Amino acid sequence: MANHQLIENKLEKLLDWAYEKSINGLPGTDTAYELAENFMSKHHSTDKAINSLVRWQNVKCTTSGFLSGLGGAITLPVAIPANLASVIYVQMRMIAAIAHMRGYDLKDDQVKTFVFVCLTGQAASDILKQVGIKAGERIAKQAIKKISGEVIKSINQKVGFRLVTKFGEKGVVNLGKVVPIVGGFIGGTVDGVGTNIIGKTAKKLFVS
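Going by the working numbering, the sequence shown opens with residue 155, and the numbers climb by one from there.
Take every hint as true, because none was put in to throw you off.
Computed cross-link-like contacts, DSSO-like style, restricted to lysine-lysine with a CA-CA straight-line distance of at most 30 Å: (1) 288 / 354; (2) 261 / 320; (3) 283 / 312; (4) 299 / 354; (5) 261 / 283; (6) 307 / 175; (7) 261 / 164; (8) 261 / 299.
Because the hints were derived from the structure by calculation, they are not lab data.
In this text, all values refer to a predicted model and were calculated from it rather than measured experimentally.
Based on the provided sequences and hints, a complete structural model is requested.
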């Protein structure tokens, strides 16, 4: 249990870091805003722009590990394998870009939490159901803003728990050890819970 808590705290820090970098950018990479505007400029409809973005990110995640390519320019908040961090970052930025395309304010805490929820993929509807939000019910921008801090906290805890279980199952996060970042590669095929599913979840959750 203590191990689970420890890794949950690590993931929490990593999620906050990935969100902040998604919005403000990493050296030489586009922010979620720039990514969204880029895909929107190439397509006539938001839906098509989102589909195109998700397809592109799928490729990106299977060839991930670009954090290591940034070398000394990047410091992770926790000792966690670089390719796990890069996959979470790539997926987080994709979700944030989708939310932005749909007109959501990425600076809202509630929106940030819903971005985290999307990372859990198919478990997203389950998590929302547990806090009394009907999955499939289109969560309007105004409705998101009214969600209380207590509910947000509860959702964040459930997200953390799901992600720990997910990465733990895949053996990505060795619960008993602190995995050093250098040489901490697990192979590009580990893409969290599947970028495609995550993209579809974000598309369903964030509606115009």
